[in-house]
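The primary structure of each chain is shown beneath.
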Amino acid sequence: MDVLATRAVTRRYGATLAVDAVSTCFESGRLHAVIGENGAGKSTLLKLACGLVAPDAGSVAIDGQPLSPHTPRAAIARGIGMVQQHFALVEAMTVLENVMLGAEPLRGGLLDEAEARRRLAEVTRELGVTLDPAARVRELGIGDRQRLEIARVVYKGARVVVLDEPTAVLVPREADALYEMLARLVAAGRTVIVVTHKLDEVVAHAQTVRVMRHGQLVLSRDVDHDDAERELRALAAAVMGEDAPAQPAAPPRACGTVVLDLDDVRLGRALRGLTLKVHAGEIVGVAGVEGNGQRELTRLIAGLEHADSGRVDVAAASVVHEDRHQEGLVLDAPVADNLVLGEHAALSRFGVLDASALRATAHARLTLGAVEPGDPSLLARGLSGGNQQKVVVARALARTGDRAKLLVAAHPTRGVDIGAARLIHERIRAAASRGVGVLVISSDLHELRALSDRIAVMVRGRIAQQVDPGATNERLGELMLGEEGAA
Amino acid sequence: MSALAAIFSASMLAQTLGASVPYICAAQGGVVSERSGVVNIALEGTLLSGALAAVAVAHATGSALLGVLGGAVAGGAIGMLHALLVVKGRIDAIVSGIALNLAAAGGTRVVLRALYDSSSNSPSIEGFRFGATGAGGGAMLVRAVASPLFIASVAASIAVMFVLARTRFGLRLRACGESPFAAASAGVDVDRTRVAAVCLGGALAGLGGAALSFEQHQFQSGMSGGRGFIALAAVIVAGWRPGRAALACVAFAALDALEGSLQGESRALHDVVAMLPYAATLFALAALSLRKGAWVAAPPAGLGRHPD
Ligand SMILES: Nc1ncnc2c1ncn2[C@@H]1O[C@H](COP(=O)(O)OP(=O)(O)OP(=O)(O)O)[C@@H](O)[C@H]1O
Ligand SMILES: [Mg+2]
Chain A
1 MDVLATRAVT
11 RRYGATLAVD
21 AVSTCFESGR
31 LHAVIGENGA
41 GKSTLLKLAC
51 GLVAPDAGSV
61 AIDGQPLSPH
71 TPRAAIARGI
81 GMVQQHFALV
91 EAMTVLENVM
101 LGAEPLRGGL
111 LDEAEARRRL
121 AEVTRELGVT
131 LDPAARVREL
141 GIGDRQRLEI
151 ARVVYKGARV
161 VVLDEPTAVL
171 VPREADALYE
181 MLARLVAAGR
191 TVIVVTHKLD
201 EVVAHAQTVR
211 VMRHGQLVLS
221 RDVDHDDAER
231 ELRALAAAVM
241 GEDAPAQPAA
251 PPRACGTVVL
261 DLDDVRLGRA
271 LRGLTLKVHA
281 GEIVGVAGVE
291 GNGQRELTRL
301 IAGLEHADSG
311 RVDVAAASVV
321 HEDRHQEGLV
331 LDAPVADNLV
341 LGEHAALSRF
351 GVLDASALRA
361 TAHARLTLGA
371 VEPGDPSLLA
381 RGLSGGNQQK
391 VVVARALART
401 GDRAKLLVAA
411 HPTRGVDIGA
421 ARLIHERIRA
431 AASRGVGVLV
441 ISSDLHELRA
451 LSDRIAVMVR
461 GRIAQQVDPG
471 ATNERLGELM
481 LGEEGAA
Chain B
1 MSALAAIFSA
11 SMLAQTLGAS
21 VPYICAAQGG
31 VVSERSGVVN
41 IALEGTLLSG
51 ALAAVAVAHA
61 TGSALLGVLG
71 GAVAGGAIGM
81 LHALLVVKGR
91 IDAIVSGIAL
101 NLAAAGGTRV
111 VLRALYDSSS
121 NSPSIEGFRF
131 GATGAGGGAM
141 LVRAVASPLF
151 IASVAASIAV
161 MFVLARTRFG
171 LRLRACGESP
181 FAAASAGVDV
191 DRTRVAAVCL
201 GGALAGLGGA
211 ALSFEQHQFQ
221 SGMSGGRGFI
231 ALAAVIVAGW
241 RPGRAALACV
251 AFAALDALEG
261 SLQGESRALH
271 DVVAMLPYAA
281 TLFALAALSL
291 RKGAWVAAPP
301 AGLGRHPD
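As given, the protein sequences belong to chains A and B, one line each in that order. Heads up: the first sequence begins at 1 in the numbering used here, then just goes up one per residue. Heads up: the second sequence begins at 1 in the numbering used here, then just goes up one per residue.
Note that these hints are calculated values from the structure, not bench results. Keep in mind it's a predicted model, so treat the numbers as computed, not measured. Heads up, a few of these hints could be off.
As the list claims (entries may be wrong) - A few chain B positions that, by computed beta-carbon distances, are all more than 12 Å from chain A: (1) 61; (2) 63; (3) 109; (4) 187.
Unchecked claim - One side only, chain A facing chain B, incomplete, derived with CB under 8 Å: (5) 89; (6) 90; (7) 91; (8) 93; (9) 97; (10) 101; (11) 104; (12) 108.
To be verified - Label pairs and their computed distance ranges (CB to CB): (13) B:148 x A:54: 42 to 52 Å; (14) A:57 x B:66: 30 to 40 Å; (15) A:334 x B:279: 33 to 43 Å.
Cβ coordinates follow ideal geometry from the N, Cα and C atoms, glycine included.
Produce the entire structure from the sequences given, and follow the hints as far as they go.
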C-alpha cells in the first residue's frame, strides 16, 4: 500500500527547475532513502510532499487521496510530518510548548499541559528517548533538538516521518541511535523517509533508495543488502552520474612555525583550560560530541569572543563557522556579497565599491567552489543547504595563503554531497601544503581521519587527549564520551 | 521635605494612577502586537483615534459605556489596518506606523471640525460618574482606584498575561513572534494569528484613548501627546512582558504627575522630567545591546520578520 505518492510534481524557483515532474510512491512500513547531489531537489521534493511548498504542477496524494489544501496543516492532519534540514523549533520556548504548538490539547478552553505532558511521555517511550518537557530549546544540544523534532512529529500523529539530512549534524554514535529509533518507528508500522549524503547509512539501514539529479528522479529501487561494497559503489556512481574519480595522493607537507597557540584558555563555562597548538602546514582534527566547546573555540579564534583567561596567540585566521545560518551567511544578501563578506574594503577604490572587481572575485570563487547554480546575483537564502555550505567554505579557502595563515574549518562538508566533499578535502590539503595551518572540527570521524595529521579529542571544554588518526572508532568514541579508562 | 511629601501624598498617587490608564492600555496593546512579531509604532495614532471615537459615541448616545466601546472599536480598526498593510501587504511596519500616525493626527482634526465645528476640542461629556465626592487626597485616591477604566486597565494587563501564558491563541501568538518560520512549519497560520493579535492590540490601545479623553471630559486635538510612544518605551523597558510593562507605565505616569505638580518651577525642570521616560528607554536599549544586565529581556526573535 502506498501511503504517500507524488504525481508529476514540478516546482520552479526563478530559472531553476528544482523538481521536474517527479512521480514516485512510498510504500508504507519501510525506511526509504533519498540521495543525490547538492541542489538536486531532494529537500524541495519532500517539502512538496509535506505541504510546505506548493507545486507549480502535479499533485501529492496521501492514501490515494489528493492533499488539499496544499498546506503543512493539512498534511499534518493527514499524518505526514517533516523534520527539516534546518530545524524549525522556537528557541525561546520549552520542549513541551514546541511539541504542543499547532496541536494543543485544551481543557475548558485553556492549554492542557498535563495532557500534553502525558502524551509526550507516551511518544518518548515509544521512541526510547528522554526529553525534559520543561527545558528550553535554547539550552538543548543538537541531538536533543533532533529528538524533539521527531517526538513532535510523532506526537502529532504522523504515520509518515520525513527527515531531511538528519545525520549531517550527528556524531556516529548518535547517528546509530537515530537509526535505531527510526527502525522502532518502522517496526510500529510507520513509514520513514530519510534524505542523506552518507551512502553507508543507506546500505546499512534503508530498504529502498531513490536518486535525484537536476530535479529528476533518475533511479528508484530496493537496496541490495547482499554485497554492501558493490552497492556502495553503485550508489556513488548513480549520485555522481559517472564512476567516482580516484582520490589523488595527498601532496607532501612540511610543518613550520606555530600559527595557533592556545594555552589554558578559559571562556565562561564552555572552555575550561584548553591547550592546543597548530603549526603551519599541519592539519589538526578536533573530534568531540557537539556542544563540548567547539562553537566557542571557533568563535574565539575568529575574534568573536574574548577569553576570560589564558594565552591566545592567533595568526590571521580564516574561519568556517559551525552554523552557516548564524555566523556564515547573510541569507538575504546576494551570493556575490556573501562570497566576499568582510573584504568589501579591499574591493573598493577611493571608498567606492568596484562592482566589476567584486563580480570577478565572486565569480572565480563560485567556480572554484562548484556552487550550483553558479549565479552570483541569487540570494543566499535560495541556495540548497549544501550549496550554502559550499559558499562559506569557498570564501574561507580563498582567503588562505597570502592573507590567512590559519584555516579553521568547523564541519566543512556538512550537508555537502560526496563529490563536492572530496573537492573540499582536496583543497584543504592543498592549502596545508602551501603552508597554511589547518584546524578541522568535525563530528565525522571519516573526515577527520582522512584529513588530519593528528586528532585532538575535545571533552567538556578541554583537549582530553591527542591521538594518531589511525585510532579506531571505538577508541575515539570512548575518548569523546570522556571514558578515560582506556588511556 | 515638602516636595518629598508632595510626591508621596495621596493626591499625587491618585493623579499617577489616573494618568497611568492610557499608558497601561496602550502598552498592553503594544505587547500583544509585538509579541506576535509585528512592530507597532501606530499606538500613538491609535490612542488619539480611540480618544475621539469614545467622546463622539458618548456624546451622541449619552452612554459612557458605549463611548468606551466605540474607542476600542476604533482602535481595533486601526490595528486591523496596520495588520493588513504589514502582514498581508508586506509593507514595512515603521512606514505603516508613521503613515497611520499622520493619518490619525489629520483625520481626527477633520472629524472634529465636521462633527463639532471646532479645530481644538469637542464639547464636554460627563464620562463615568462614581465613587466618593470631595477634593481631599483620600477621596481622590478612592476615585482613581474605583474608576471603571482603571479597573479595566488592570484587568486588561492580567488578561494579557493570562492569554499569553495559558491559551492556545497565546502560545501561537508567541511562537509567531519568536520564529514565524517554526510556527508556520508547525501548522500555525502565522498571518492570521498576527492579524488577530494586532487587531486586539489596537482595541486595547483604543481603550486607552477612551481613558485619555474621559479623564479630560472632552477630546482635544493632538491630546495623545506622545503617550503612545512612551507606552512603547515601557514595553521595551519591560522586555515585552505585560506585568512589567504595566509597572513601567505607572512609573512613567508618576513622572507625568510630577511634572504637573511642578507649577511655578523653571521650564527646564519640566523638560527634564518629560524627557525621563525616553532616557530610561535609551538606557534599557543600551543595556540590552551590551548584553549586561540580565534584567533587560531581548525582543521577540521574530519581531519584524516574515515566515518565509
Ligand atoms: N527558496 C528558494 N528560492 C530559490 N531557489 C530555491 C529555493 N529553494 C530551493 N531552491 C533551488 O532549488 C534547487 C533544489 O534545491 P533543494 O534544496 O531541493 O536541493 P537539495 O537536493 O536538498 O540539496 P542539498 O543536498 O544541498 O540540501 C536548488 O538549485 C536551489 O537553489
Ligand atoms: Mg537539502
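Would the non-interface assignment of residue 187 (chain B) survive a Cβ cutoff of 12 Å against chain A?
Non-interface label fails for residue 187 (chain B): nearest chain A Cβ at 4 Å, not farther than 12 Å.
Since residue 109 (chain B) was said not to touch the interface, does its Cβ keep a gap of more than 12 Å from each Cβ of chain A?
Answer for residue 109 (chain B): holds, closest chain A Cβ roughly 40 Å.
May I ask you to test the interface hint for residue 97 (chain A) with respect to chain B, counting a Cβ-Cβ separation under 8 Å as satisfied?
holds, 6 Å
Just tell me: holds or violated, for the beta carbon distance of residue 148 (chain B) and residue 54 (chain A) against 42 to 52 Å?
With Cβ atoms ~50 Å apart, the hint holds.
Is the interface hint satisfied for residue 104 (chain A)? The criterion is a beta-carbon contact with chain B at less than 8 Å.
holds, 5 Å
If you take the shortest Cβ to Cβ gap from residue 101 (chain A) to chain B, is it below 8 Å?
Interface hint status for residue 101 (chain A): holds (4 Å vs cutoff 8 Å).
Measuring from the C-beta of residue 91 (chain A) to each C-beta in chain B, is the shortest one below 8 Å?
holds, 7 Å
Cβ separation of residue 334 (chain A) and residue 279 (chain B), checked against the hinted range 33 to 43 Å:
holds, 40 Å
For the hint on residue 90 (chain A), just tell me whether its beta-carbon gets within less than 8 Å of chain B.
holds, 5 Å
Going by Cβ atoms, does residue 61 (chain B) stay more than 12 Å from chain A at every point?
holds, 33 Å
Evaluate the given range 30 to 40 Å for the C-beta pair formed by residue 57 (chain A) and residue 66 (chain B).
The hint (30 to 40 Å, Cβ to Cβ) is violated, given that residue 57 (chain A) and residue 66 (chain B) are roughly 55 Å apart.
May I ask you to check that residue 63 (chain B) keeps its beta-carbon over 12 Å from the closest beta-carbon of chain A?
holds, 30 Å
Checked against the numbered hints given earlier, the structure breaks hints 4, 12, 14 and satisfies all the rest.
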